[in-house]
Structure formats: structure tokens, C-alpha cells
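Protein sequence lines correspond, in order, to chains A and B. Following the numbering used here, the numbering of the first sequence begins with 2 at its first residue and continues without gaps. Following the numbering used here, the numbering of the second sequence begins with 27 at its first residue and continues without gaps.
FYI, nobody ran anything at the bench for these hints, they're computed from the structure. Keep in mind that a hint or two might mislead.
To be verified - Each computed BS3-like pair below joins lysine-lysine, with the alpha-carbon atoms no more than 30 Å apart: (1) Lys168(B) to Lys153(A); (2) Lys130(B) to Lys163(B); (3) Lys118(B) to Lys45(A); (4) Lys153(A) to Lys120(B); (5) Lys163(B) to Lys34(A); (6) Lys45(A) to Lys34(A); (7) Lys167(B) to Lys34(A); (8) Lys153(A) to Lys167(B); (9) Lys125(A) to Lys118(B); (10) Lys125(A) to Lys120(B); (11) Lys168(B) to Lys120(B); (12) Lys125(A) to Lys114(B).
Unchecked claim - The following label-pair restraints were derived from C-beta to C-beta distances: (13) Thr160(A) to Ile248(B): 43 to 53 Å; (14) Glu66(A) to Ala63(B): 25 to 35 Å; (15) Ser267(B) to Arg46(A): 48 to 58 Å; (16) Asn42(A) to Ile222(B): 34 to 44 Å.
Claimed, not checked - Here are a few chain B residues that sit away from chain A, every Cβ distance over 10 Å (derived from the structure): (17) Leu107; (18) Lys120; (19) Asp149; (20) Val234; (21) Gly300; (22) Gly307.
All residues carry an ideal CB built from backbone N, CA and C; glycine is no exception.
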Amino acid sequence: MKGIHIFWVVIVLLALMTWGTNNGIVTKDESVKSEWSEVQNQLKRRSDLIPNLVNTVKGYAAHEESIFIEVTEARAKVAQVVATDPAKLGSDKVLQEQLLKAQQGLSSSLGRLIAVAENYPQLKASDNFAKLQDELAGTENRIGVARGRAIKATRAYNTSIRAFPGVVIASMRGFTAREYYEAPEGTDTLPKVEF
Amino acid sequence: MVSYMRVLILAVILSLVTSKSFAIEVPALMGRVNDYAKLLTEAERQSLEERLTKLETETGAQVAILTVPNLQQAPIDVFSLTVAEKWKLGQKEKDNGILILYTKKEDRYRIEVGYGLEGAIPDGKAGEIIREQLRGKANPKKGTHDFAGAFTDSVVEISSLIVSEHEADGNKSGIDSEALAGLFILACIIAGLFGIFHLLLGGCVGAVEGLAFGFFFFDATIFTLFVCTTLGFIIGILVSSLFANGGGGGGRSGSDAGGGWFFSGSSSGDGFSGGGGSFGGGGAGD
Numbered sequence: 002m003k004g005i006h007i008f009w010v011v012i013v014l015l016a017l018m019t020w021g022t023n024n025g026i027v028t029k030d031e032s033v034k035s036e037w038s039e040v041q042n043q044l045k046r047r048s049d050l051i052p053n054l055v056n057t058v059k060g061y062a063a064h065e066e067s068i069f070i071e072v073t074e075a076r077a078k079v080a081q082v083v084a085t086d087p088a089k090l091g092s093d094k095v096l097q098e099q100l101l102k103a104q105q106g107l108s109s110s111l112g113r114l115i116a117v118a119e120n121y122p123q124l125k126a127s128d129n130f131a132k133l134q135d136e137l138a139g140t141e142n143r144i145g146v147a148r149g150r151a152i153k154a155t156r157a158y159n160t161s162i163r164a165f166p167g168v169v170i171a172s173m174r175g176f177t178a179r180e181y182y183e184a185p186e187g188t189d190t191l192p193k194v195e196f
Numbered sequence: 027m028v029s030y031m032r033v034l035i036l037a038v039i040l041s042l043v044t045s046k047s048f049a050i051e052v053p054a055l056m057g058r059v060n061d062y063a064k065l066l067t068e069a070e071r072q073s074l075e076e077r078l079t080k081l082e083t084e085t086g087a088q089v090a091i092l093t094v095p096n097l098q099q100a101p102i103d104v105f106s107l108t109v110a111e112k113w114k115l116g117q118k119e120k121d122n123g124i125l126i127l128y129t130k131k132e133d134r135y136r137i138e139v140g141y142g143l144e145g146a147i148p149d150g151k152a153g154e155i156i157r158e159q160l161r162g163k164a165n166p167k168k169g170t171h172d173f174a175g176a177f178t179d180s181v182v183e184i185s186s187l188i189v190s191e192h193e194a195d196g197n198k199s200g201i202d203s204e205a206l207a208g209l210f211i212l213a214c215i216i217a218g219l220f221g222i223f224h225l226l227l228g229g230c231v232g233a234v235e236g237l238a239f240g241f242f243f244f245d246a247t248i249f250t251l252f253v254c255t256t257l258g259f260i261i262g263i264l265v266s267s268l269f270a271n272g273g274g275g276g277g278r279s280g281s282d283a284g285g286g287w288f289f290s291g292s293s294s295g296d297g298f299s300g301g302g303g304s305f306g307g308g309g310a311g312d
């Protein structure tokens, strides 16, 4: 085979590889964005559920003012962190940490609200309350799952732009690694509620 | 509730330790009813399998039951999601899978709902099903142990919710993709038969059939009807040319519109596998 033919074959192969690698990186990048977007969706969903829960409890335990205020403030805090810059969430480590901490604050407040509600047998027995708890628990679960997937997607993306041949394409196209926040184990304990 | 606190703690754990898998050994998918905790008789298992197969035939939803002797030290939510994802219950595009899990040692239920069914069965409803249908009949803490009855009642309730949503979405319950394929072939043959006289006639018959298909089985928007009619015309002509060329008179004329044309439903139990559906963590447990 003539040298010139080999040359062209190599060029074509390189082009194909480049194309494939680039697409791989882009797909992973999009995946990270969509997973973080899902985290935000679930946070919003929980946020929407909370007024309903608070009102249901208020219906039976109107004078427990302090816990209602606490929950409302914690909820506002989470919304505030998310609103700062939703698009940056996927690559800003500090933002992710703030969000996680705000979320933990909200989760503990909600836990305390539920604990307060446990003192009111009629409320505890009400079907509506049980359903709200299910919804809330389900959403907490979803948030956890979504966050886990977002971090997994971030890792996959980061690997793809660091390994060869991705690293070449990435530097040419301007893809940079995305930071993510992972709390050290043990720094996330929630207050135990005794029954 | 204790379970709520568990989920709170779990949500935080899940959000941090993403690669930790709790080393769960996912039981093999044996069929729609996987009774590893040996709580059902063969007859009861078979009866549940039939119900679930029927549900899938009618709506495409893949609901599976799993009973295990214990959770292998994992939290129930993690266990349930791991199994559901491994088994890939539900159709890929629709994510219409559900896993009903019961663990004997911990005496806990969990219903894991796929993305696509979160509308039909929201978390509150899933919780209610556990409280009423499942715990109503099989609550070892309170002394009742009718697991067959519990699962049956819950499957009946879940089925009715899924079917209602399925029908509300404009699908005709009972016309699943296999029946549709059978009808399509029948339509082609009819068009082809007409086409023996004249290709264009076959095309026109095909167009009319396409219009009918579009109207009854898909949404009746102008665009869809136009596409279906055009496709029908083209397919009609193609089939007609085949018939015109292919040998002797009539070809396949045994076109009875009855059951013979519908592919028989997959024999219950064997070959059941997940359709690639995904889960987002929705559902409820106790």
C-alpha cells in the first residue's frame, strides 16, 4: 500500500476517534447538568410539600409556633442557596456544600416538626398526615438518589477528560473538570429523636 | 415516625457516599413473583404471576414481587432501589416498573415506584397501600399472616390505579403492542388483496387503513393522521406489488379477524425480564 494511502487512513481514523471522544465528553457533560437539574427539581418538590405539612400540623397544634417558624426559615434558606446561581451548581464545590448544609438544616427541622406532631394522637392518626409523611420521606429519598447520581455523573465526566484521549480533546475544546463536594464521613449526623 | 427519621439519615448518607454499595447480593429475577422468603404456596405464587402478567399485557407496566429472608444489613430503601435498578423493571421509554418488597426478618414492606408511575401511584398512595392492603392482611406484629391475600389485594389496587391512568392517557386497555402488530399485518394483507386488482387501489385501501389506525390507536392530530395515511398509502402499494408478483391466486386468504391473528401472550413466567426502566427513589415503606 502506498505511503500516501496509509497517511489518509490514519487521518480518517484520527478524525473518527476525535469525533467519538468529543461526543463522549459532551454527553457526559450534559449528563452532569441534567442530574444536578434533577436534584434541584426534587428540592423544589420538597419545598412545595412543606407548606401543606405545616398547615396540617397547625390544624391540630396551633400554638407550637416556634417549630413552624423554624421550618419556614430553614425552607427559605435552601431556596436562597439554590437561587444564587442554579446553573453553577454542577461545578461549584462551595455552592454544593452550602446547599447540602442548608438541606441538612431543613431535614432536621422537618424531623423536629414530625416529632412535635407525634404528641397529638388525632393528628398522628389522620390519614392526611400519614400521606404527607410518605410524600416527604419519598422526596427526601429522591433528593438523596438524585444527588448520588449527580456526583457519579460528575466523576464519570472528570475521568473522561483526564484520561487519554479525552484529555487532548478537552483541553482543545475548553472542557474543565467539575468540582464536587463530598462531606467527610461522620460530619453529617442528625439529631436523634427519642420516641 | 421512625421510618421518616431513617429516610432522613439515609438521604444524607446516600448523598455523600455514592460509591458504597453495601455489598448487596441482588437475588436472581425468577419471574414476576420472587418468593425467596418462602411465604407463598406454589398455587398462590402462580395466581399472582397471572395477575401481574395480565397487567403487563394490558398496560406494559412491569410489577414484580420480592420477598427476602433479610435485608443483608442494608437499609431497606437502598436494598429496594438496588434490586429495582438491577432488574430494570419497566419499559425503557416509559419507566413503568414497580417493585413490591417484603423482608421477613425485619418485617418491613417497601413499594419502589418507577419514574413513569409516580403519577398513578404517588408516595402517599404507596404508603396507603402498605398500611391498608398489605398490613391489613399480613402483619406479623399483630398476628396476621395472610401474605397471599396481602399481595393479591395490593396487586389489585396497584393494577386498578395503573389501568386508570393508562386509559386516561388515551390508550385502549387490552390493545397492546403485540395485538397491534397482528392487526397491522391483517391490514396489510387486506390492502394487498385489493391491490391484486390494481396497485393504486391497494394504495388507497392502505391509506384508509392508515387513517383508521392513526385515529384509533394514536392521537388523532392532523399531523399524525397525515403521516399515517401517507404511510398507509405507501405500504399499501408496496404490499400490493408483492401480492401482484407473488404466485397464484389469493395467497393467504385465511384472514379471520378473530384471535388467530393475535400473537399468543408470552407463556406466563418463563422468560420474564426487565425492560430497561429506571427508578428515581419514589415510593414508600414502613
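### Query
Which hint numbers doesn't this structure obey?
The structure breaks hints 1, 5, 7, 8, 9, 10, 11, 12, 14, 16, 17, 19, 22; every other hint is satisfied.
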